[in-house]
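Student: Assemble the dimeric complex from its two separately framed chains, guided by the hints.
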Amino acid sequence: DGGITQSPKYLFRKEGQNVTLSCEQNLNHDAMYWYRQDPGQGLRLIYYSQIVNDFQKGDIAEGYSVSREKKESFPLTVTSAQKNPTAFYLCASSIPSGGSQKTQYFGPGTRLLVL
Amino acid sequence: ELKVEQNPLFLSMQEGKNYTIYCNYSTTSDRLYWYRQDPGKSLESLFVLLSNGAVKQEGRLMASLDTKARLSTLHITAAVHDLSATYFCAVDGETSGSRLTFGEGTQLTVNP
Numbered sequence: 001d002g003g004i005t006q007s008p009k010y011l012f013r014k015e016g017q018n019v020t021l022s023c024e025q026n027l028n029h030d031a032m033y034w035y036r037q038d039p040g041q042g043l044r045l046i047y048y049s050q051i052v053n054d055f056q057k058g059d060i061a062e063g064y065s066v067s068r069e070k071k072e073s074f075p076l077t078v079t080s081a082q083k084n085p086t087a088f089y090l091c092a093s094s095i096p097s098g099g100s101q102k103t104q105y106f107g108p109g110t111r112l113l114v115l
Numbered sequence: 116e117l118k119v120e121q122n123p124l125f126l127s128m129q130e131g132k133n134y135t136i137y138c139n140y141s142t143t144s145d146r147l148y149w150y151r152q153d154p155g156k157s158l159e160s161l162f163v164l165l166s167n168g169a170v171k172q173e174g175r176l177m178a179s180l181d182t183k184a185r186l187s188t189l190h191i192t193a194a195v196h197d198l199s200a201t202y203f204c205a206v207d208g209e210t211s212g213s214r215l216t217f218g219e220g221t222q223l224t225v226n227p
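The listed protein sequences correspond, in order, to chains A and B.
First residue of the first sequence? That's 1 in the working numbering, and the numbers climb one at a time after it.
First residue of the second sequence? That's 116 in the working numbering, and the numbers climb one at a time after it.
FYI, nobody ran anything at the bench for these hints, they're computed from the structure.
Computed from a prediction, not measured in an experiment: that's the story for all the values here.
Some hints here could point you the wrong way.
[Stated by the list, open to error] Quick partial rundown of chain A residues pointing at chain B, CB under 8 Å, derived from the structure: (1) A31; (2) Q50; (3) L90; (4) Q101; (5) Q104; (6) Y105.
[To be verified] Subject to a maximum C-alpha distance of 35 Å in a straight line, what follows is the list of computed DSBU-like cross-link-like pairs (lysine-lysine): (7) K171(B) <-> K183(B); (8) K14(A) <-> K156(B); (9) K83(A) <-> K71(A); (10) K57(A) <-> K171(B); (11) K71(A) <-> K57(A); (12) K171(B) <-> K71(A); (13) K156(B) <-> K71(A).
Glycine included, each C-beta is placed from N, C-alpha and C at the ideal position.
In isolation and in its complexed conformation, chain B is listed as follows (with noise of 0.2 Å):
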C-alpha cells in the first residue's frame, strides 16, 4: 500500500521568512503533484513534478523531487499572507492506474 506523509502538518511562519514542507512516500514513483486548497475552497493544481530531479517554480514556491530518496519539498520564499493555505502532496504509484494517494495537508498560516 502506498503511503504519503507529509511534514509538518501545521505550519505558522512571520512573512519574509523561508521554509520548506516535506511529501515521503513509500513506493517507486517518479510522478508527484502538488495542490492548494484555500479554507472552504476546493484544490487548485500548483506543481507536477514528472521526472527525477525536477524542479519547478512559480512566485515564492518552489517544488522539487527526488525519486531515488522518495522525497518531494515545497520551499518558500520570503512568505507573504496570501500564500495561507493549506498544501497537499499527491503520488502516482506505479501500480495504482490513475488514482492517486494524497498526504494528509500541511496547513500554512503566513502572520503579518
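Bound conformation, chain A alone (with noise of 0.2 Å):
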C-alpha cells in the first residue's frame, strides 16, 4: 500500500529538549511539507522540500529544523528554542513540481505535548 506514515502519534517533549518527528513516504513524491496545526485553527507551513538536499523554510520555521537527505523521508525536529510546541503536527507530499496538479496527500498527524 502506497502512503504517508508519521510516527510516533504521540510524543511528550520535556522542558529544553529537542525532539524529531518522523515521516516517511511512499509514493515516489519529490515534495515533502511539514505543517502545524493549533486546536480550531488551519494550518501552518514550517518547511518544505521539492527535492532531495533541498528545503525551503515556511511561514513559522523559527525553532524546527528539517532535512532531506533521502526522498522518501523528511524529519521534522522541534528544538528548544520553540517555546510554545503544543501543536498537531501534519506531514504531506505531493506529486513532481513539474506537473499541472498539485495535491498534496497528507499523513495521520503527530501529537506533540510538552510535560
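Tutor: Here it is in C-alpha cells:
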C-alpha cells in the first residue's frame, strides 16, 4: 500500500529537549511538507522540500529544523528554541512539482505535548 | 502574499438542508483544492479544481471554481450528520512553487 506514515502518534517533550518527528512516504513524490495545526485553527507551513537535499522555510520556521537526505523521508526536529510546541503536526507530500496538479496527501499526524 | 479566506468559519445546520461554503483568494490561480478533516484526524482530499468553470461532485458535495472572481464554492445538498467535519480550501498560487496556501477552515456541524 502506498501512503505517508508519521511516527510517533503522540510525543511528549520536556523543557529544553529537542525532539524529532518522523515522516516517510512511498508514493515516489518529490515534494514534502510540514504543517503545524493548533486547536481550532488552520494549517501553517513550517518547512517544505521540493527535491532531495533542498528545503525552504515556510511561514513559521523559527524553532524547527528539517533534513531531506532521502526522497522518502523528511524528519522534523522541534528544538528547545520553540517555546510553544504543543500542536498537531502534519506531514504531506505531492506529485513532482513540474506537474499541473499539486494535490498534497497527508499523513495521520503527530500530536506533540509539553510535559 | 496570497491570502485565502473562507466564509463562514462556523456553520451549524440541520439535516436535510442545503448550504454553501465560500472560498475567496487574492491572486491569480486556476488550481484549487478542497479537503476534509474529521476531529482529531488528518486531512483527506475531496476535490481538485484545475480550470475556470470546473465543477466536481461527490455524493452530497459539489465544488466549483470561478477563477475570474477568485472564488470557489462547496455546496452541500440535503446535509446528513456524517458530513460534520472541518472543510479547508487551498490555493496554488502561480508563483508559489509547490506550496499551497490554506484557508482557515469551515467547521460544519450537522444536527439531526
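Student: Under the criterion that the straight-line Cα-Cα distance not exceed 35 Å, is the pair K171(B), K71(A) satisfied?
Tutor: holds, 32 Å
Student: Answer holds if the nearest beta-carbon of chain B is closer than 8 Å to that of Y105(A); otherwise answer violated.
Tutor: holds, 7 Å
Student: Hinted pair, alpha-carbon criterion (35 Å max): K83(A), K71(A). Please report holds or violated.
Tutor: Distance ~30 Å between K83(A) and K71(A) Cα, so the pair holds.
Student: For the pair supplied as a hint, K57(A) and K171(B), is the alpha-carbon distance within the 35 Å limit?
Tutor: holds, 33 Å
Student: Given the hint that K14(A) pairs with K156(B), does the C-alpha gap stay at or below 35 Å?
Tutor: holds, 25 Å
Student: Run the distance test for K71(A) versus K57(A): straight-line Cα separation, threshold 35 Å.
Tutor: It holds: about 18 Å lies between the C-alpha atoms, which stays within 35 Å.
Student: Hey, does the L90(A) contact hint survive, CB to chain B under 8 Å?
Tutor: holds, 6 Å
Student: Return the status of the interface hint for Q104(A): holds when the least beta-carbon distance to chain B is below 8 Å, violated otherwise.
Tutor: holds, 6 Å
Student: For the restraint on Q101(A), tell me whether the closest CB of chain B is nearer than 8 Å.
Tutor: holds, 6 Å
Student: Minimum Cβ distance from A31(A) to chain B below 8 Å?
Tutor: Constraint on A31(A) satisfied, holds at 4 Å.
Student: Given the hinted pair K156(B) and K71(A), is their Cα-Cα distance within 35 Å?
Tutor: holds, 25 Å
Student: CA of K171(B) to CA of K183(B), is that 35 Å or under?
Tutor: holds, 18 Å
In the structure shown, no violation is registered for any of the earlier numbered hints.
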